[in-house]
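With chain A fixed as given, assemble chains B and C onto it according to the hints.
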Amino acid sequence: MAFGSFVKLFMPKDRVFYGLFEEVTASLVQMSEVFKKAVSEEDYARRDSLLKSLEELEHKNDEITHRIFIELGRNFITPFDREDIHFLATSLDDVADYIWGAAKRIVNYSIHEKDAITVGFADIIHRSVNELNKAVKELRNMRDLRSITEACVKINSLENEGDELLDKAMIGLFSSNINPIELIKKKDLFQMLEIVTDKCEDAANVIESIIIKYS
Amino acid sequence: MAFGSFVKLFMPKDRVFYGLFEEVTASLVQMSEVFKKAVSEEDYARRDSLLKSLEELEHKNDEITHRIFIELGRNFITPFDREDIHFLATSLDDVADYIWGAAKRIVNYSIHEKDAITVGFADIIHRSVNELNKAVKELRNMRDLRSITEACVKINSLENEGDELLDKAMIGLFSSNINPIELIKKKDLFQMLEIVTDKCEDAANVIESIIIKYS
Amino acid sequence: MAFGSFVKLFMPKDRVFYGLFEEVTASLVQMSEVFKKAVSEEDYARRDSLLKSLEELEHKNDEITHRIFIELGRNFITPFDREDIHFLATSLDDVADYIWGAAKRIVNYSIHEKDAITVGFADIIHRSVNELNKAVKELRNMRDLRSITEACVKINSLENEGDELLDKAMIGLFSSNINPIELIKKKDLFQMLEIVTDKCEDAANVIESIIIKYS
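Residue numbers (full-length UniProt numbering), protein chains in the order written: chain A, 1 to 215; chain B, 1 to 215; chain C, 1 to 215.
Check each hint, because a few of them may be wrong.
One copy or two, it doesn't matter: identical chains are merged, so the pair holds either way.
[As the list claims (entries may be wrong)] Computed cross-link-like contacts, DSS-like style, restricted to lysine-lysine with a CA-CA straight-line distance of at most 30 Å: (1) Lys52 / Lys213; (2) Lys213 / Lys114; (3) Lys36 / Lys168; (4) Lys60 / Lys168; (5) Lys213 / Lys185; (6) Lys168 / Lys213.
No wet-lab data here; the hints were simulated from the structure.
Isolated chain A (complex conformation):
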């Protein structure tokens, strides 16, 4: 028996989780790119069509998350604590849900004009999700714990940026003479965008607790 096969024979089956989590965060990066491009678009028909294209990505993400839960049920041995896999899968799934939720609000509420707050959130979310992707890739070999920690710290600070952007947005909305229906639309959209950054932070916190246990 060649050494390669020998290794493969004993390669734990639990390694399937790394690939699945990498698929999830790669798809989140893609979603955040489409979302960012959409909300920066001046032409609202093109923007709406980009936003609607997120539905398929969100469904794809749902399916990968579902496979993670199936594997979690099947595998007695897991690379990290079962509860951490559960919480990481749930919070990453929430990131996708809330990006899609924000996209749907823009479409369903007929929010036609491009606005700086939404563009600002799209950028924060895009950067957060990229850091999640980096961190998850490093989980596979656990060699560069510092870069995982750095990614998590950045996500935490991006969540703070999101909080401040929401504060600024709310102060702006409530001190303006905007009509109530428009205020309702924007308030709901901005609050949903801020939740995306919260969910990224939740995921980062799980990753941090995984590396504490394994360091």
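Chains B and C alone, transformed into the frame defined by chain A:
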């Protein structure tokens, strides 16, 4: 010693969980029936009195959920993973809470007219909760795993129906000339009704993960 | 070796959790006092400055919660089930987040007048958080289980008071001739205040399940 007593002696105490979960879903079925009947009612005084009767059912449900948590604390051995019992109890309790929350909104916001969206949600919720009840009954003997899976698939597809109904409702509200206060009432109510279907799906997902582990 | 050192040598390291949870609930008591004082203040400049001072307390609370999760990652042995530590830390952190969230709404929405509903919630929250503080202190020695149970029962009944206060507030708002923007502000604030009482109840439920297991 008769064979019956012998069996009883060795019947695991953990079987108490089956009965408690069955009580919870039976009470959810009852709540969803009262809710459906109430929102289909043209006379709003009769409707409000039906809606208010949900409070007692919700309290009863709370008590059963509480007993599940007490049993979980007392029993070292459980029929499924402890975390699954925890998540299943929590999500079923959320179903009851959000049905009651929707009922309270109709009453507290003085929403007097019967409307098709609410009736649509009541029907989706009623069907979802019936599927949960079927699935939970089958957990006791785990003989008919296919029917459990089918119930969970139906609940997932009912949650999609709920999503689409909410989209339709929101597009309707924001493209109408409804006054802002009326919009706030309806938006809040419809979003709460959609959350009920999400919570049914959460419960179905836990049930699915239970049968994966035991199949 | 003196008996003292001997005891210390064997004093389980897991006792760090008691101190951390006590720090969390003590800081919640402080937050609830500042919040109560702020919303009872007639002068809105003074009130806003008190509310803004909650940010620092919330950050401090975040840091303690973070340390609980780090200790949870490091310690193989914990004084209660790991999941209970996780849920207790999460729900107490939520209490702080939602108090701060309510404070930010008052400031960001420019809610200038003192109102009886907010004062009522501040009082309920203050009492709830004090009961949490009492219960957490008793966890250390587990000698007075009755007083822990009593605290939890009180928190549950305070959550009911919060529910009723929110019902009253909503009926009031929707039956008034308030302008829509003002209604949006108040509705959002009152709902957030009611969530604080829910999160206190969540924490009380975890504490109850801890004492069931250890009694």
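How would you classify Lys52 and Lys213 at a CA-CA limit of 30 Å: within, between, both, or neither?
Result: close neither inside a copy nor across copies, 40 Å intra and 36 Å inter.
State whether the alpha carbon distance between Lys60 and Lys168 is at most 30 Å within one copy, between copies, both, or neither.
For Lys60 and Lys168, the Cα distance is within 30 Å only across copies (23 Å; inside one copy 34 Å).
How would you classify Lys213 and Lys114 at a CA-CA limit of 30 Å: within, between, both, or neither?
Close neither inside one copy (44 Å) nor across copies (48 Å); limit 30 Å.
Tell me, please, which holds for Lys36 and Lys168 at an alpha-carbon limit of 30 Å: within, between, both or neither?
Cα proximity of Lys36 and Lys168: in one copy and across copies (20 Å, 25 Å).
Intra/inter-copy verdict for Lys213 and Lys185 if alpha-carbon distance must be at most 30 Å:
Neither: 43 Å inside a chain and 43 Å across chains, both beyond 30 Å.
Taking 30 Å as the upper bound on the Cα-Cα distance, should Lys168 and Lys213 be classified as within, between, both, or neither?
So Lys168 and Lys213 fail the 30 Å test inside a copy (38 Å) and across (46 Å) alike.
This entry does not satisfy hints 1, 2, 5 and 6, going by the numbered hints stated previously.
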